[in-house]
Each structure stands twice: as C-alpha cells, then as structure tokens.
Amino acid sequence: MTLAFTICSINYLAQARTLGDSLRQTNPDYRYVIGLVDKLSEANLPAELVPTYSMLEVDKIGIPDFAAMCDRYDITELNTAVKPFFIDYFYNSYPNATEVIYFDPDIIVFQPLNQLNEALKSYSLVLTPHTCSPTPDWERPNEQHHLNTGIFNLGFIGLRNDATARSFVDWWKNRLVYECRIDLCEGLFVDQHWVNFAPVYYDNVLIDMHLGYNVAYWNLHERYFTQNENGQWLVSKSHEGTHKPVDNTLPEPLQFFHYSGYNPERPDEISKYQTRYTFIDSAQQKKQRPDAKPLFDLYRERLLANHNDQYRQYPCVYIKPPVILRYLRVRKLLKTPFNRVIALLESRSV
Amino acid sequence: MLLTICTIRQLPQAFALGDNLSQFATAGKSEPILIGLVDDPNQLPAGFVSPYPLLPIGELLPADQVIALSAMYTPTEFAAACKPLFIAEAFRRYPATDKLIYADPNSYFLGPLTPIWDLLETATILLTPFITRSPTNGSTDKAWPDEKFFQNIGLYSSDFLAFRRSTETTQLLTWWDNRVRERAFINFCEGLCLDQLWLMHVPVMFRGVVIVKNSGWHVALWNLHERTIRSQDTGWLVSGPIGQNEPLLFVNFKGIQNLDEGFFSHQTRVRISDRPEIATLLTAYRQSIVRYQPLSFETISPTYGQQPEPVIVRGWRYATIQSMQTVTRFLDRVYIPVIK
Chain A
1 MTLAFTICSI NYLAQARTLG DSLRQTNPDY RYVIGLVDKL SEANLPAELV PTYSMLEVDK
61 IGIPDFAAMC DRYDITELNT AVKPFFIDYF YNSYPNATEV IYFDPDIIVF QPLNQLNEAL
121 KSYSLVLTPH TCSPTPDWER PNEQHHLNTG IFNLGFIGLR NDATARSFVD WWKNRLVYEC
181 RIDLCEGLFV DQHWVNFAPV YYDNVLIDMH LGYNVAYWNL HERYFTQNEN GQWLVSKSHE
241 GTHKPVDNTL PEPLQFFHYS GYNPERPDEI SKYQTRYTFI DSAQQKKQRP DAKPLFDLYR
301 ERLLANHNDQ YRQYPCVYIK PPVILRYLRV RKLLKTPFNR VIALLESRSV
Chain B
1 MLLTICTIRQ LPQAFALGDN LSQFATAGKS EPILIGLVDD PNQLPAGFVS PYPLLPIGEL
61 LPADQVIALS AMYTPTEFAA ACKPLFIAEA FRRYPATDKL IYADPNSYFL GPLTPIWDLL
121 ETATILLTPF ITRSPTNGST DKAWPDEKFF QNIGLYSSDF LAFRRSTETT QLLTWWDNRV
181 RERAFINFCE GLCLDQLWLM HVPVMFRGVV IVKNSGWHVA LWNLHERTIR SQDTGWLVSG
241 PIGQNEPLLF VNFKGIQNLD EGFFSHQTRV RISDRPEIAT LLTAYRQSIV RYQPLSFETI
301 SPTYGQQPEP VIVRGWRYAT IQSMQTVTRF LDRVYIPVIK
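As given, the protein sequences belong to chains A and B, one line each in that order. Each residue of the first sequence is one higher than the one before, counting from 1 in our numbering. Each residue of the second sequence is one higher than the one before, counting from 1 in our numbering.
Same shape as in the complex, but just chain B (with noise of 0.2 Å):
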C-alpha cells in the first residue's frame, strides 16, 4: 500500500507519484494507492474527479480540532502533524493489506518496490538518514548543510518511511501522533521540527527498526555529494558511501524541483548545473507530472496553516542578511570593558 500527503496545489505530483507506484508495484498485483489531503476538498474544482483515492483530513478529524490546528501550525507543520494520522488511517481502511509505504509528493521512483517489501518481511520500521557519512572535509571546509544542521532537523528524512502492520507500528504511531498534535513546530532551540526530529527516538523506542543506508534509495539534494549517479544500459546506477553500484531506487526531487521547499535551499555542497543526470531525471520527472497541469491547482492556496511560512531570501537579499547577522552576533558577545 502507497501513501503520500499532500496539499490541493501538489495534487498534480501526488497524481504523478500515484502514476509512478503503480507501474512498480509487485508484477501482476496492484497495489491501494491513497492520498492524504491536508487540505479543504471544496477548493476542487466541481465535478474534478481524482484517479486515486483521495483521504481528506476532514474525515479523520472534527472540524474543531482542524481549526486548531491550523491556527498553530504553517502548512508545512499542518501537514507533518496529520502524518501519523494518516498512516494509521490507511491501515485501517485496507486491512488485507500489511505493507504500507509513505512518500513525499517530490518522491520519483526508477523501479520495482521489491527491496523494501523484502526488508519488511523481516523489519517493522524503514527509515533512511539524510546522510551516511561526515561530509567534512577538513577543518577547513565551510559548505552548508554541516553536520550541526542536520542535528537541528533530525538525522532521518520522515519523506520516506515504510512500516509492517504490528504491535510496534501500531504503538510508535499512537506515540508520534500524540507528539505531532502539539509539538510540530520547527523550532531548532527548543528540539523541535515537524515530525521528523521525533524519528530520532524511533529506533530506540521500538523493535525492528532498520535504518536503510544504501545508496540507491532517497538520492536527494542533501546527499548528491555522496553520490554518483550514472546512467546503463539496465538503468540507473548509484554508487556511494554504502555501496558500489546499487540500482537507483528512488529521487527525492524536494527542493530541486521547487527550489524553496524543504530545508536545503542554501545548500553549497552541490550545483545542480554540474550534474546532467540529475537534469536528465528532472525532465523525465517533470513529464511525468505534465498532463496533471492542465488541472492549474498551482493557484489555489492551501487552507489549512495559517501562521506564515519563513520566506526563502535568496541573492543579495540573502548576501546582505548573512552579513547583518554576522554583525549583530559579533555586537552580543563583544567584550566591553566596564567604564567607572
């Protein structure tokens, strides 16, 4: 079973997700595709009728507690508070069904999804790190992300998860919905952001958790610099930290494909102009999502969070701000020697 969440504007990579599962579900076995929606149905255009299964979270909550929610939350938070709640939810309405995997809408895969049922038959949990090695080079080396960062944000992306109907699922998602409800927000100083910071405790707390390090999954902007990706004639190979050519399993195209979602839009560790396979993926991507277009959701503003997004400043703005902070920080702790 494939779930992802997402808002009426990402509609159309959620679709295209649907499209892309479906063609690498298990050979001659469909699988139930459900979307989340963390948005207000009524915004649909009338008559707009969903190829897949569409999971508004009206169903799953009373409108009061919605309007709560969304009074804390920005939409990035909304949608992260309602994941566990989601994923509960498809458990329940497909009970023949004991796999289920969760997806970012940005998620594109390149095959068969054998290797994660595979893992589940013997895991409960699935859970990939952002990144499997120090990408410091040195004392020297001042690129963004480092390690500290990715402290801030948890060391497992919660983009992609996979999880085996059980005690320990049922368990670890009763515990991170309580979690989430209250405490999404992103805020680095007091350890919280989203739903992810939370995995951190995930593999402690429960049985069966495996942490899937190999190069071929989760390929993303945040560790493009551990990885070569190449093209054969079998099909993509990935080649990093853990593991020598290993068949690409899936891209997360978050924050390439739109460039101010997700947390890495100041990354330097990697320009994507130099890397053409990545180019070649995006354009395979992004006609995957075309005949979704069409549908020009792009303008209907998601509902549900209504505190503000942070702005993603970028060029001399950016510049100019880096600076400006240098400079207060160097104003708090400068020493002032004590005038009598």
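The shape of chain A in the complex, shown without the other chains (with noise of 0.2 Å):
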C-alpha cells in the first residue's frame, strides 16, 4: 500500500482537500492521510468543514518533547519540522505502507503516478530539483537562492520503506530537533536544505528530472504548458532556453504541480515569491506566461469550492505572537566595546 501524506494547520484544509480529492481522482490505490499541526478539538469545525480524508494531529505521533519544539520554532519552521516525524510514525503505525509520498498541501496531481510508483520499487528516495537547467536571469527565485535554501524542493519527498530510507529519516529528524531554522548565513533553511545531504549519504537516491514533477514557479522557465485534444495537460522544454536538451524533447504529460505562494485571492500573480513572470502584462515589462494560466484558474475554482474563504479565518493553535526586537539603538551601543575587541584581535596589531 502506498501512504501519501500532506501537513498543514486548519487555515490550509482547503489545499489539503484539494490534493486529496485529486489524489482520489487520479491514484484511488492511494491511502491519503491529512497530518495536522493544529487541534480539532479547539477549533471544533462545523459539519460541512470536516473532511471525509483522515486527519492526523501532530500531538498524537508521539514527537518527544513536543513542547519544547514549539517553543522553539515558528509557524513556518514547526509544520516543516514535524515531516519526518510523521513519516517515521507512518513506518511505525502502517506496516504494510511500502511507499510514503509526502506533498505539500498546494500541490494537486493530474495523472495515476506509475513512473513514480515504478521509480518506488527500486529507490529508496526520490527527490525533485527545483530546477534541472540554468535559470535565466537573476530575478527571484534564482540559481543562487537554490544554493542558500536547497537544491531540492522538500514539498515533495517519496520514500520506500527500506533501510536506507529509515537511517535517512532518523537523521533527518534528528537535524531538525534544533535546527529546523531559517539562518543563511548559518547554513539553515528549515528542513529543505537538509536534504542537500540524500545523495551524498545515501547511494540509492533518485534525483527525478522528470519535466512533470513538482512543477511550479522556481521551474517555469524551463517548463510551457499546453493541452492535448483529451485535455490532458503537457509540459515541454523551452526551446529559448540557455540549455538545451540533447536527449529527450518530446513533451511529458503533466504529474504534479505545486502552487507555491498562489493566493485565490490574487488570481493575476503566479506566486508571492516570484519576480520572473507575469500572466499576462499589458505594460510588457516581465516575461508572460499565458500558458500557464488556466492552470492556476482550475486550482482556483477547487479552492474556493472547498470553503478556502472559511478555512483561512481559523488562527493556528501552535501560532504565536512574533518576536519583536526592540531597543536597538542600546544593544547596539552595548555591543560596541566587544566588536572593537573582536576587530581589533582580526587585525592581529595586539
């Protein structure tokens, strides 16, 4: 049996029934599982709210020491912490799941995923890049973000039950304990960064350049959409691209994509993250893609058919107020003295 999984809080629930009912759609064999980082019982949700997938509270699957986790970390940090422990517990509570898939809450999948299912039998991990070629100009995200947040896109991970995949999640929860941190300039970016580490430490790591897998805003440039006379959508190779292929050009139908930073609200901007492109740009200043359109329009009509409007208003229980710094100006003037210190031993003149 396969196991897929999302993690999100309540104010997410309409992405995870999105993926959930996509999932029910195109891989019924699927066991889809919601693991939640907020308390139902707190929010105690009206009928029509409640969704038909189970749901799994963070609280239940036994982190040790899960307070002091969210304590430790913010909203962001605390929901990307929490994934290897789910999958862990899944390996643990579901001994016949030999396959564990873990998608982000705004990704929905458009086909039954043989290839990935095939790629399971023999792989202990896969992973997606966010980007297989060079990206094309230095707007945001570039190839330089990748470098300082990680390689892979972690809103995707697909693991078989072996060994190495366990030693891989014992690890990884391990790290992500007390290091599940947004810090550049310490190496850190919550659990995705990590992950750099898969095909170094393990030899059985299948790096998936597969033109249809986790497509989305950071891979746009090297990804136009259309649609064949089924309506299937087909992703293809920009044909202006820096890097052009020399194997395979034919177009891959579309697997999965991820609506990263989207907000139904927004419909004309891709993602918040983003500077690269524009839908379309009656100024013509940024790079349109039209193509990529009514990709977004169909997310959109699912979100908003699944109460998006009402899930947003529900506060997350682990949430908790920002750490606001102030007083500056004095710690700066007390740190003074110890930095002329410090620069004055770099200068090697004591």
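Hints are computed from structural coordinates only; laboratory data are not their basis. There could be a bad hint or two in this list.
As a list, the in silico DSS-like pairs of lysine-lysine whose alpha-carbon atoms are at most 30 Å apart [to be verified]:
1) A:335 to B:148
2) A:332 to B:142
3) A:332 to B:213
4) A:173 to B:148
5) A:320 to B:340
6) A:173 to B:213
7) B:148 to B:213
8) A:173 to B:142
Reassemble the complex: the two chains are provided individually, in unrelated frames, and hints are given to aid placement.
Here you go:
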C-alpha cells in the first residue's frame, strides 16, 4: 500500500482537501492522510468543514518533547520540522505502507503516478530539484537562492519503507529537533536545505528530472504548458533556454503542480515569492506566461469550492506572537566595545 | 591531461604535483601537464625556466578584465573565478586528449591514475564530496565543522575534478565560467562560496555526473575522522564509510601542509598529532617539494586579488573572539521588557 500525506494547519484545509480530491481521482489506490499541525478539539469545525479524509493531529504521533519544539519554532519552522516525524510514525504504525509520499498541501496531482510508483520499487528516496537547468536571469528565484535554501524542493519526497530510507529519516529527524530554522548565514533553511546531503550520504537516491514533477514558479523557465485533444496537460522544455535539451524533447504529461505562494484572492499573481513572470502584462515589462494561466484558474476554482474562504479564518493553535526585538540602538551600543575588541584581535595588531 | 592552478608562491607545490603525476600517468604514455598561473609572470625571476608549461591568466583574459577581477576579489576568490576558463583552455590546447584531471596544488597522488581514467570512460564529470557520512555523534557532539558548515561551502570539493571532453562538459564550463566571473565571493549569507558552492547544481543540471565516494579518493583534513589509513607492503590502504582497504589514490594536504590554507583551520574533529600515518605521508609530500624550495618563491605575494584575505586568528585571540561573539549574539537576541 502506498501512503500519501500532507501537513498543514486548519487554515490550509481547503488546499489539503483539493490535493486529496486530485489523488482520489487520479491515484485511488493511495491511502491519503492529512497531518494536522493544529487541534480539532479547539477549532470545533462545523460538519461541512470536516474533511472526509483521515486527519492525524501532530500531538498524537509521539514526537519527543513536542512542547519544547513548539516553543523553539515559529509556525513555518514547526510545520516543516514535523515532516520526518510523520514519516517515521507512518513507517511504524502502517507496516503495510511499503511507500510513503509527502506532498505539500498546495500541490495537485494530474495523472496516475505510475512512473513514480515504479521508481519507488527500486529507489529508497525520490527527490525533485527546483530546477534541472540554469535559471535564465537574476530575477527571484535564481540558482543563487537555491544554493542558500536547498537544491531539492521538499514540497515533495517519495520514500520506500526500507533500511536506507529509515536511516535517512532518522538522521533528518535528529537534525530538525533543533536546527529547522531559517538562518541562511549559518547554512540553515528549514527541513529543505538538509536534504542536499541525501545523495551524498546515501546511494539509492533518485534525483528525478521528469518535467512533469513538482512544476512550480521556480521551474517555469524550463517548462511550458499545452493541452492535448483529450484535455490532458503536457509540459515541454523551452526552446529558447540557455541549456538546450540533448535527449528527450517530447512533451511529458503533467504529473503534479505545486501552487506555492499562490493566493486565490489575487488570481493575476503567479506567486508572492517570484518576480520573473506574470500571466499577462499589458505593459510588457515582465515575461508573460499565458500558457500557465488556465492551470492556476482551475486550481482557484477548486480551492473556492473547498471552502478556502472559511478555513482561512481559523488561527492555528500553535501560532505564537512574532518576536519583536526592541531597543535596537541600546543593543548596538552595548555591543560596541565587544565588536571593537573583535576587530582589534582580527587585525592581529595586539 | 592534468591541470593545476596556482600563484607564483605555490609554484613549488605545482611542480611537485607535476613530477608526482608524471610518475603515475598511464604506463608508457606521457600525459600533458599544464599549470594555470593566476599571477603576473613578470614577477618570476629573470631567466627562470619552468619544468612544466605555464599558462598565465593574462593569456586568457584581456588586461582590463584581469584588472577588474583582481579589484573585486581576494587572491583565493580570483583563482576560483579563473578555474573554468583554464579548464576550457586546456581542452582547447590539447585537442588530442579527451580526459582532464584538475587537482589543487596541495594534491599528492599515491598510485596510478587508471581508476580515474576508467570512470571517465562512461562518466563525463567526476565530483568528490567533502564527507560521505554524517559526522555527528549524537546530540552532544560539539565538534567542528558540523554539517551546517558544509552547506555554506558546498558538499563537493572543487580541489579535485575530472572531465571527459563532451557537450555536457562544454556546457558545464560555459555555465560555471559565467557564474564565477561575478559570483565567486565568499559570502555565506548570500549563498556564495568561490567556484565551489556552484558545484551543488552540477549533478542536477548536467548528465553523466558521478559522485565518487570511494574512501581511497581525496583523503584530506576534512574527512580524516571518517577514514583510517594504514601502510602495507603493497601500498597505503584506506577504510572508511565507503569501502574497506581501498588503495589510497590521493591526499589533499590543504590545511595540513600550510595550516592557514582552506576552510578548516579551526577544525576540531582530528588531531594530526594523533595520526602518525598522516605525518609519514606529509614527510613524503614535503620531500617531493624540497627540490623546488631553493626557488624561494614564498616571498612573492600574489599580484591579483586586491581584496584582503580574511585573517586566520589562533590561540587566545581566537578563544577571546569566540566568547565575545557569544556575548554579542546574546545581546542581539535577549528579551528586554518594554519599560513604560
């Protein structure tokens, strides 16, 4: 049995349901679970907002000293830090789950994932890179951002239930107990940057360059969309790109699309995290991607039908007020003598 | 074909590497050896004749570009920014050779290069990771470097690379050259670290890339903690996470030969004094350089790379800086209640 899961808080349940609907339609043999970083007892959802999919609350999976983890992390860090703990829980609680696949809630699946299922018969891990070819300019995001935040996008990971994958998950869990922070200067970017180590520490890792996997704003420059006569979405490489394909130039069927940073209330914006493209720009200052617009429109419709407006009202119980550092000038003043000594010692003049 | 890149100061090491490599090149076949000079050849003593072909950066780039690069970079960054150019030029200069090894001048080979050439029969690009297993021993492990640091500098070392002439190699070199000309700074916060951090994209963007984890390859200061080395009648053998008793192919003495070189001056995972086998290998390595020592190049400062290199601080100075940084970090983060 293949177990597919996502992780979110109640405010993202419209996305998680939309992902579940797409899986039910395209991969009905998968068992789908929503990992919930929230408490249903406190939200007290009305009947029409209770999803038909199984939900598993994060405080029920036995994360050691979970309360301390909640104290340490903000909501983004916490939501990502629990990922390998959920995987580990599934390994232990569903022994017949021979494969575990994680999808971010803002993904939808378009096809039966036959190639992925086949890959997971032999590979311990399947990872998808943000981009398989050089980024065409220094707009956001570009290659340099990926160097700081991770080569692979951790909105998706496929794992077999084997010794290698378990060992990887144990290592990942240990890293994320204290170091699932965003601190680029220290080489940290939540759970994602750590996974750069996977192909170095382990041999049986597939880096899947399939054009139809984890399609998102970060790889639009190498993926263009068309629909065939059956309504199936196809992805092809750009022919204007800097890195011409040498092998396979045939369009691939779109497997799963990741609508990261998309807001259905702003249907003309591809993602709040990117600056490279726009759907249509009458001023023509940005590169236009009208080919992607219908994919976003269909997602928007599904989200709205799944009560996105209502779910968004629910605050997460694990959310903390943001830490605001006050007295910045006082702090700077207090640090001055120390910084002077450091500079003096580094200049070797003492 | 074998390529190294160095400044005039490092030439004795580069010459020793040349001797070392010619000794182990494929039997009966001499491999071209090329030294890329990231320095001004006018600094060389009059009448000096190099035992190996020297290719100064001035022959690859117009003078104004050399000056511009030199003004923005440190000598280390400057050398990194020139690496893809030199590799591409080496392929151009030796059209009859299809395989190229780039090795840092601190490299020391202990056996024939056959395993490298053999892998390049099918692979187009070879990379070696700094470490091949998680170095962390439980949650109390405070040794340095930790894994985070490798994320800052890149997981693959740019001190050893091997390429087969191919479209992929050409594409990689064009892309890499374009990136390092403007972005070979060491700036961890910005996701930059020499030519090296860019290599993180290579296994994903190019085909035929092989990550060689064999414990006998690229033994160095940063991976000694995961490898044991012993001498046998047949030669040196290495055991590590990937392979037991693998023949020792090459050592990189960066940070061992010159303690201030490289990123690991403050590493606490190994004590070289506890590893007599490294001392033996280092003695042999130093002997290979001795014959070039009379050249007294060590006093010639690099001409290119006008920005100052970061100073390596040791002993009480380093300890004091560490404690002071703990204090400033605390002052940055400590909660101060609002006084009304």
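Point to revise | Hint numbers not upheld by this structure, sorted from lowest to highest | key: 3
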